[in-house]
Structure formats: C-alpha cells, structure tokens
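Participant: Chain by chain, the residues:
Protein chains: 2
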Amino acid sequence: MDIKTAISKLNEADDKLHAIEHALALIQWDAATGAPKNSVEGRAKTLSILTGEYYKTLVNDELNELLSLLEDNKNELEYVTLRKAEEFRNEYDKIAKIPVEIVTEYTEVQAKASAAWEDAKIKSDFSIFAPHLEKVIEFSKKFIEYRGYTKHPYNTLLDDYEKGLTTDDLDEFFSELKNSIVPLVARIKESKVTINDDFIKKTYPTKEQEALNKKLLKSLGFNMDSGMMAESQHPFTTNFNRNDVRITTHYFENNLLPALFSTLHEGGHAIYEQNIGEELNFTSLGTGTSMGIHESQSRFFENIVGRSHSYIEYLYPIIKEAFPEHFKDVTSEDLYEAANKSELSLVRTDADELTYSLHIMIRYEIEKLLFENKILVSDLPEIWNKKYEEYMGLTPQNDAEGILQDVHWSEGLFGYFPSYALGNAYASQFANKMKETIDFEKDLKQGNLENIREWLKENVHKYGKLLTPSEIIEKATGEPLNAKYFIDYLEDKYSKIYDL
Amino acid sequence: MDIKTAISKLNEADDKLHAIEHALALIQWDAATGAPKNSVEGRAKTLSILTGEYYKTLVNDELNELLSLLEDNKNELEYVTLRKAEEFRNEYDKIAKIPVEIVTEYTEVQAKASAAWEDAKIKSDFSIFAPHLEKVIEFSKKFIEYRGYTKHPYNTLLDDYEKGLTTDDLDEFFSELKNSIVPLVARIKESKVTINDDFIKKTYPTKEQEALNKKLLKSLGFNMDSGMMAESQHPFTTNFNRNDVRITTHYFENNLLPALFSTLHEGGHAIYEQNIGEELNFTSLGTGTSMGIHESQSRFFENIVGRSHSYIEYLYPIIKEAFPEHFKDVTSEDLYEAANKSELSLVRTDADELTYSLHIMIRYEIEKLLFENKILVSDLPEIWNKKYEEYMGLTPQNDAEGILQDVHWSEGLFGYFPSYALGNAYASQFANKMKETIDFEKDLKQGNLENIREWLKENVHKYGKLLTPSEIIEKATGEPLNAKYFIDYLEDKYSKIYDL
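Just so you know, the protein sequences line up as chains A and B, in that order. Residue numbers for the first sequence follow our numbering, beginning at 1 and rising by one. Residue numbers for the second sequence follow our numbering, beginning at 1 and rising by one.
Heads up, a few of these hints could be off.
[Stated by the list, open to error] Here are the simulated lysine-lysine pairs, BS3-like style, with alpha carbons at most 30 angstroms apart: (1) B:K97 - A:K16; (2) A:K112 - B:K16; (3) B:K94 - A:K45; (4) B:K16 - A:K45; (5) A:K16 - B:K94; (6) A:K37 - B:K37; (7) A:K9 - B:K16; (8) B:K45 - A:K56; (9) A:K45 - B:K207; (10) B:K16 - A:K218; (11) B:K457 - A:K37; (12) A:K45 - B:K320; (13) B:K320 - A:K207; (14) B:K214 - A:K37; (15) B:K215 - A:K37; (16) B:K112 - A:K97; (17) A:K462 - B:K45; (18) B:K9 - A:K97; (19) A:K207 - B:K218; (20) A:K215 - B:K207; (21) A:K45 - B:K9; (22) A:K94 - B:K16; (23) B:K45 - A:K4; (24) B:K207 - A:K16; (25) B:K37 - A:K457; (26) B:K214 - A:K56; (27) A:K16 - B:K215; (28) A:K56 - B:K56; (29) A:K214 - B:K37; (30) B:K45 - A:K207; (31) B:K56 - A:K94; (32) A:K462 - B:K37.
[Unchecked claim] Covered stretches of chain A, going by a simulated chain B footprint (3 or more residues, C-beta under 8 angstroms): (33) 49-57; (34) 206-214.
Simulated from the structure, these hints should not be mistaken for lab results. All values derive from a computational prediction rather than experimental measurement. Heads up, the beta-carbon is just placed ideally off N, CA and C, and yes, glycines get one too.
Please build the complete structure, drawing on both the sequences and the hints.
Facilitator: Structure representation (structure tokens):
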C-alpha cells in the first residue's frame with residue numbers, strides 16, 4: 001500500500017465510524033427524549049449490532065497495517081492526518097490489545113453489574129452490588145495489564161478521559177484544592193450570613209420554565225439552526241456533528257434553578273461542539289478534545305458566567321419578567337445569593353460550586369487505592385463514610401446516599417471523576433486569561449457573551465481534537481494547569497458572599 | 001458450507017440489515033419531526049454511508065452462494081427460512097443484476113431529477129423537468145432489461161410493490177372500476193343533493209386537535225407503549241419493529257378533517273405493523289407484505305371504518321365534546337355527509353374516496369404507455385390533460401396542478417401508484433368477508449374495534465411477509481382480488497348520500 005492509498009483508506013474508515021457514531025447517538029437521544037416504552041429490546045439489538053460494526057471497522061489487520069505505514073512516514077503527513085492516525089492508533093490499541101473473548105466476557109459482567117447496582121441502590125444495600133463491583137474492577141485491572149501503564153496503573157485509566165494526565169498531577173492538584181477548600185468551607189460554616197432561597201422553591205410551571213430556558217440558551221449564543229433542546233430525565237448533550245448539537249434539560253416544578261443552570265451547563269458543552277473548526281467537521285477530530293476540557297466549557301457557562309454577580313444582574317429582569325409574581329419582593333442580590341448558597345452535602349449531584357470538588361477528591365482517593373490494591377471492595381462503605389466525615393463532617397445514613405450514589409463504577413468508568421474537578425480549574429484559568437483582553441464584567445452585565453465566545457472559540461473550540469488538553473491550556477494561558485486560579489476564584493467569591 | 005452454517009449466516013445478514021434499516025428509518029423520522037435546519041448535510045452523509053453498508057451486506061458473493069445452497073435444499077428448510085431466503089434472493093437479484101456503475105450513474109440522475117422537479121413545480125413549467133424525467137425513464141427501462149420481465153416490461157416494476165401483480169390483472173381491475181365509477185360520478189354530478197361542510201372549515205386550534213387525534217388513535221387500538229405520534233409536514237408511518245411503530249399527522253387550523261382522517265389512515269398502517277407475528281419480529285419478514293396490502297389497512301381504518309355512517313355516530317359526540325362551539329348546530333348526519341362529500345378534482349391528494357381511483361387509473365394508463373414505448377415524455381402534458389378531461393371533465397390550468405403534481409416519477413417510482421387503488425379494493429373485500437362473522441355496524445356504532453382488529457390480525461397482520469399479497473387475499477376471503485366488493489360498496493354508499 002502506498003501512503004496516498006493509506007490516507008484515503010484511513011479517511012474512509014473515519015467516515016464510516018462517524019456515520020455509525022451518528023446513528024448510535026441518535027438512537028440514544030431518541031431513547032432519552034421520547035421513544036415508546038416497548039422500544040427497549042429493538043434498540044438494544046440495533047445498538048449491539050452497530051457497535052459490533054464499529055469495532056470491526058476499527059480493529060482489523062488492514063487498519064493496523066495502514067496505521068503502521070503512516071507512523072513510519074510521519075514526516076510526509078499533514079498535521080490533520082497525523083493527528084487522525086494518532087487518534088486511531090490510540091483507540092485501536094485500547095481495544096486490540098485485549099483478547100476478544102475477554103471483552104465479550106466483560107460485556108456480560110458489566111451488564112449484570114449495572115442491573116445489580118440499580119437493584120442495590122433501590123434497596124440501599126451495598127452487599128447486592130459488591131460481588132459485581134469486584135468483578136468489574138478485576139476486569140479493569142486485567143485491561144490495564146494488557147494495555148500496559150507508565151508509573152501507576154491508574155494512569156492508563158486517567159489517560160482515557162484526559163490524555164497525558166497522571167496520578168502525580170492529580171495528587172498535587174487535589175492537595176492544593178484540599179488545603180484551600182477545606183478551611184474555606186469551615187469558615188463558611190461559622191459565618192453569620194444566612195441565605196434565604198425560599199423564593200426559588202415555589203411552584204414554577206414547566207411551560208413557563210421552558211420558554212425562559214429557550215430564551216436563555218439563545219442568548220448564550222447557542223445556534224438554534226444547528227441544534228435543539230428537549231427534555232429528558234437527566235440533562236445531557238449529544239453531538240452528531242457541529243451542525244447538529246442537541247441538549248436536554250429537566251424541569252422541576254418546585255425549583256426554578258436546576259433547569260436554568262443545567263441549560264447553561266449543557267449550553268456550554270454545546271457551544272464548544274458548534275464551534276469546532278469547520279474543516280474538522282464529520283471527522284474523528286471534529287469533537288471536544290477531552291472530558292476535562294469539555295467540562296471546563298460547561299462549568300464556565302454554568303458557574304463563571306451563570307453564577308456570577310454581573311451576569312445575574314443581566315438575568316434578573318429577564319427572570320422577573322417570566323415570573324413577576326414569584327419575584328415581586330426579590331432583588332437581583334437575593335437571586336445571586338440563592339444561586340450561590342454553599343452547603344455541605346452527602347450527594348455529589350446536589351453539591352454547589354465550592355463543595356463539589358470535595359466529592360470528586362473522595363472518589364479519586366478511593367479509586368487510586370483500589371488500583372493500588374490497597375483496599376478491598378468490602379472495605380468501601382467504611383472508607384467512603386470515613387472520608388465524608390473527614391471532609392464534610394457528614395456521615396451517610398445508608399448505602400444509597402453513600403457508596404451507591406453514583407452510576408459510574410457499575411459501568412466500569414474508573415478515572416472519569418477527576419475530569420469534573422479539572423473542568424472547574426481549567427475554566428478559572430481560561431477566565432483569568434481572557435480578562436486580560438476582555439472587559440469581562442461589563443460584558444456579563446450586558447449579557448453580551450460575544451467577546452467571550454470568540455475568545456473560547458479561538459483558544460479552545462476551533463481546535464477540536466487537533467490539540468491535546470495540555471496543549472490547549474498551555475497555548476491559551478501560557479502555562480500548564482494551575483489550581484491557583486480556581487482557588488483564588490473560590491476564595492474571592494465566597495469570602496464576599498459569606499462576609500468572611 | 002453446510003446448510004446449518006448457511007442458515008446461521010443468512011440470519012446474521014438479516015440481523016445486520018434490520019439494524020441498519022432501524023438506524024436509517026430513525027434518521028428519517030428525526031428529520032421529519034424535529035431535526036434542526038442545518039442537520040441536512042450530516043444526515044445525507046450518514047444515510048449514504050449506511051445505505052452503502054446495507055448494499056454491501058446484501059450483495060456479495062458469499063450471500064449469493066449461501067442463497068444458492070439453500071435454494072438447492074429447499075425441502076430441508078423450515079417455512080420461515082425458506083421465505084426469508086426468497087426475500088433475500090428477490091432483493092439480491094433486483095440489485096446484483098444491474099452493473100454497479102449503472103446504479104451509481106442513476107443515483108446522480110435521480111438526485112438531479114428530484115431537484116429539477118421541485119424547481120419545475122414551483123415555476124409550473126414541465127419543460128424544466130422533462131429532460132430529467134426522460135433520463136429517469138431511460139434508466140428504469142435499462143433496469144428492466146437487466147432484470148428481465150414476463151409478458152410486459154411494466155410487470156417487473158409492478159412486482160416490486162405487489163408481488164405477482166401484472167398488467168393483465170390491472171387492465172381488468174381498472175376497466176371494471178372505470179365502468180362503474182365514471183357513470184356513478186356522472187350521476188352524482190346531476191344530483192340535487194348539496195352538502196354543506198362549512199363547519200369543518202372554521203378555526204380549529206392545533207392543540208385541541210392534537211388532544212382529539214391522540215384520543216382517536218388510542219381508541220383505534222394503536223398501542224401507545226409500542227409507538228408514538230408526532231407532527232410533520234406530510235403524514236407518514238415508520239416502523240423499526242413491532243414494538244416501535246410511529247406515525248405523524250399534520251394539523252390544519254382551518255380544517256378539522258385532514259388531520260383526523262390522516263390519523264385514521266396512518267393508524268391503520270401502524271396497527272398492521274404492531275400486530276405482525278411476534279416470531280417474525282426483528283427479521284426481514286416482520287413487516288407488511290406489500291404496498292397494496294398495507295394501503296388496504298390504512299384505507300380500511302380511514303374509509304371503511306372512519307367514513308362510515310356507524311362509526312361517525314360514535315365519533316360525533318367525542319368531536320362535539322372537543323369543539324362544543326363549532327358543533328353547536330351540527331348533527332351527526334351533517335358530519336357524515338361532510339366527511340363523504342364527493343367532488344371531481346384535479347389533484348390526487350385532494351380527492352375523495354370515490355374519485356381517487358380515477359386519478360390512479362390515469363397514472364396507470366400513462367405509465368403503461370411509457371413502458372410500451374408508445375408515448376414520449378414530450379407528449380405527457382397533453383395526454384395527461386386529455387385524460388383528466390375524459391374522466392373528470394376538468395382540465396388543469398397549468399403544469400403544477402397537472403402533470404407535475406406528484407413527486408413519484410422524479411424519484412423513479414413507476415409501478416407504485418396502482419397499489420393505492422388496490423388498497424381500496426382489498427379493504428372492501430376484507431370488510432365484506434368479516435361481516436359474515438362480525439356484527440360490523442353494531443361494533444362501529446359502539447366504537448368497539450376489537451373484533452375487527454382481531455379478524456385483521458388473524459387474517460392479515462400476523463403473517464407479515466410470510467404470505468404474498470395474493471396468498472393473503474385468497475386465504476382470508478376465499479377468492480382472488482375482486483373489484484366487485486369495492487364497486488358495490490361505492491355504489492351503495494354514494495347512492496344513499498346523493499339520493500341517486
């Protein structure tokens with residue numbers, strides 16, 4: 001095979017994978033937003049067959065050979081092709097190194113683990129889930145063995161979600177966070193300031209919330225011709241290509257804020273995808289570069305924009321117009337405080353901007369111990385509860401609100417949680433940098449996000465997967481990931497709110 | 001290869017084709033019911049790649065060989081496998097006999113013809129479309145040459161939509177229809193009876209129509225757990241499998257009836273699909289057997305049930321409850337007459353139950369002439385207009401309401417129109433037979449369709465593609481297709497309405 005043929009075959013495989021991904025993602029979208037109850041079985045069959053096709057397209061001798069050929073001739077490749085070949089090799093190795101019978105066996109183990117977790121959570125009984133979790137972890141360890149690792153076995157897993165990230169990076173990162181967040185939280189606990197957020201817990205009809213959220217999404221800069229918003233049980237973003245990016249939200253009639261901030265959050269993910277460089281569209285490079293960078297965009301719009309004093313000044317009259325009765329006696333300041341109320345809690349998904357990282361830290365520490373073989377699955381509830389006591393001063397009353405709360409482990413997603421915390425830190429670092437050239441507060445007060453979006457597009461979005469996460473953060477801000485900006489941001493914000 | 005392996009490979013191919021069809025149909029459903037404006041390009045790419053995969057799975061040497069092996073060992077196969085192999089051979093031959101470069105060339109010709117037809121229709125200028133139509137017909141003729149034909153070249157096309165149907169059958173069928181419908185229409189024209197349907201043309205808000213239509217669909221026996229209803233520009237039904245069958249309707253705020261009868265029509269298609277035998281589900285045999293039989297089910301629910309005097313007695317209070325103001329001075333009899341008003345018209349899609357077949361007859365006669373090489377594309381407008389003058393006494397004022405009105409020819413769909421007329425005739429023949437064992441009018445008056453659905457399920461639906469159309473009609477009614485039942489039905493119905 002000559003290089004030209006190899007490139008053309010690579011692009012052909014890429015097109016096919018992209019088409020299958022499009023179909024898979026649409027089937028999932030449909031399932032979450034409206035498919036009829038009895039569609040489950042047919043969907044499972046189709047997903048399984050198309051996923052099989054996906055793997056056959058990715059893992060085969062011809063592809064392996066052409067990748068080797070391209071790797072041997074790196075100097076002759078355009079940058080886009082080079083990156084594409086790297087991505088393919090990465091995905092190829094992740095799968096091809098593991099014997100197919102192990103993968104098949106694991107698929108069944110994982111499916112059973114999912115069912116067991118659901119059952120265990122309903123019954124709040126970890127012992128139902130424990131034997132399945134043991135197996136899932138055992139397989140994850142096997143996978144690491146087959147794939148190999150550098151320095152720490154957990155690094156292989158981290159790398160799947162955040163290319164290049166290691167336990168050394170995270171140990172340092174979380175230790176900095178811990179040293180600042182834990183005392184900050186303690187000071188807030190002592191603060192005399194009390195925040196009244198009763199007004200956001202009145203009855204807010206879904207229909208009016210929907211109108212407000214659509215308005216908000218549009219004003220964020222989400223392109224309504226290249227995407228849409230629907231409702232689902234759990235909010236998420238899905239992207240078929242930069243011209244078709246979809247988000248969902250979930251409305252709670254007894255609380256105005258969850259849908260509002262989830263729209264800002266998913267809107268951030270979506271704007272990232274809509275602004276990927278056009279030349280990368282419909283290719284494997286035409287999507288966000290990593291979980292962490294993606295999360296930085298969602299958290300940026302949710303927290304750094306959405307929960308800022310300035311932007312809430314802009315939002316306040318819009319919300320008041322939508323709900324004049326509810327907001328009759330509420331000021332913009334009241335809304336700002338309600339949106340930023342900080343409380344220690346047991347459940348990650350209920351956590352506020354400040355305490356969220358503590359939940360992640362606990363999961364990181366536990367996962368690392370698991371993959372260092374230092375703890376057993378049977379130890380988990382006790383370790384979990386001890387860490388919540390240590391960092392939060394709270395003890396779960398049962399397994400459901402403790403060790404069983406997250407779905408991730410039942411799906412074999414180890415190494416995934418840290419990206420949530422990285423997202424916050426990246427977002428603060430981006431914000432700090434863009435403030436050098438953008439009149440940030442003024443723009444937020446006017447609800448004018450154009451300069452901000454433009455900055456993100458030029459420094460983050462347009463690259464898609466052309467750059468790795470660390471390349472993006474360094475190119476955009478002139479330095480590697482630095483927790484300092486996030487810490488400063490939290491210190492500054494919460495000191496003011498809680499009068500510390 | 002041994003037989004067992006061949007069967008297992010056939011089933012594997014069938015599974016894969018089914019999965020791809022599921023994905024393709026969902027993408028089309030999504031496009032029609034909500035996809036964002038800019039999603040067009042990505043959808044086209046994915047559809048094209050997945051369609052390519054579909055053909056690769058169907059047309060390859062291994063499949064050809066295993067089909068031959070199964071054909072050589074017919075006696076050893078179970079009936080389901082035998083039918084499946086026949087279906088595969090049918091589809092295989094349809095494609096494999098035509099050289100791939102001809103198919104590729106045609107794809108482009110057809111795409112251009114579609115665009116030209118749209119443009120021509122807007123400008124009401126047949127000359128824009130004519131050269132493209134010529135090419136499409138030329139290719140259709142080439143396809144017939146490659147595929148071969150029995151007795152008449154047009155038979156090969158008819159066979160695609162209604163297995164076994166020939167021009168001999170249709171000549172007889174349409175001549176009987178013509179002999180009865182043309183004089184019946186003439187008598188109605190002379191009738192003193194005038195029907196006032198102003199009340200259905202008041203303003204009916206979409207939201208209330210939607211609630212009414214959902215209620216109606218449910219009362220038809222559509223399983224809401226195994227399907228759903230959405231809104232689209234043109235109503236259609238799509239089925240991924242028997243547990244996921246979806247219909248759309250289109251609401252007109254200035255007319256109550258179009259959505260109502262399109263819900264009954266699509267509901268009929270959907271109930272057919274939902275009641276296919278469970279053992280055929282997720283296979284190529286698990287869907288309606290032909291266009292004509294499918295259309296018989298939709299027309300059955302739309303016309304024989306929906307436009308009957310008895311069912312309208314049942315419907316009337318339900319509609320009146322939904323629109324009490326509109327129906328204040330309207331009786332059930334008024335509604336019945338408005339739903340059955342017969343008028344000669346130039347546009348097929350506006351036609352009533354009686355005159356509809358005349359539109360189809362004209363198209364059939366013209367298509368036959370084309371494939372007998374007896375007329376040229378340049379003759380079409382004149383021939384079209386002459387036939388409309390002859391059968392309807394009406395002459396199109398321009399190409400848009402004449403020769404350009406239907407999309408079918410631009411898509412190369414020749415031989416398709418007759419199935420619409422067959423559907424009416426099959427439906428009447430089924431109805432005549434079921435009345436022997438079901439108290440038909442009583443059930444309709446009570447809106448109780450259970451016995452009727454059960455009859456259709458046992459005699460039509462459950463077989464899926466296990467039986468051919470002619471096998472179904474003969475098994476169910478004891479005789480082949482017979483236009484008499486449809487003619488009697490029309491004579492009886494319209495004589496009463498128009499006091500002939």
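Participant: Checking one constraint from the list: CA of K16 (chain B) to CA of K218 (chain A), max 30 angstroms. Satisfied?
Facilitator: 40 angstroms, violated
Participant: Quickly compare the C-alpha distance for K37 (chain B) and K457 (chain A) to 30 angstroms and report which way the hint goes.
Facilitator: Cα-Cα ~22 angstroms, so holds.
Participant: Has the given pair, K45 (chain B) with K56 (chain A), been kept, meaning a C-alpha gap of at most 30 angstroms?
Facilitator: Distance ~20 angstroms between K45 (chain B) and K56 (chain A) Cα, so the pair holds.
Participant: For the pair we were handed, K214 (chain B) and K56 (chain A), check the Cα-Cα distance against 30 angstroms.
Facilitator: 43 angstroms, violated
Participant: Decide if the proposed pair is consistent with the structure: K56 (chain A) and K56 (chain B), CA atoms, cutoff 30 angstroms inclusive.
Facilitator: 14 angstroms, holds
Participant: Can the restraint linking K207 (chain B) and K16 (chain A) be considered satisfied, given a maximum Cα separation of 30 angstroms?
Facilitator: 41 angstroms, violated
Participant: Run the distance test for K462 (chain A) versus K45 (chain B): straight-line Cα separation, threshold 30 angstroms.
Facilitator: 22 angstroms, holds
Participant: For the pair we were handed, K94 (chain B) and K45 (chain A), check the Cα-Cα distance against 30 angstroms.
Facilitator: 28 angstroms, holds
Participant: Would the hint linking K45 (chain A) and K207 (chain B) be met if the CA-CA limit is 30 angstroms?
Facilitator: 36 angstroms, violated
Participant: K97 (chain B) and K16 (chain A): Cα distance at most 30 angstroms?
Facilitator: The given pair, whose Cα atoms are some 26 angstroms apart, holds under the 30 angstroms limit.
Participant: Mind checking the alpha carbons of K16 (chain B) and K45 (chain A) for me, to see if they're no more than 30 angstroms apart?
Facilitator: Since the Cα atoms of K16 (chain B) and K45 (chain A) sit roughly 10 angstroms apart, the hinted pair holds (cutoff 30 angstroms).
Participant: With a cut-off of 30 angstroms on the C-alpha distance, tell me whether K45 (chain B) and K207 (chain A) pass.
Facilitator: 36 angstroms, violated
In summary, the structure is inconsistent with hints 9, 10, 12, 16, 24, 26, 27, 30, 34 from the numbered list given earlier, while agreeing with the others.
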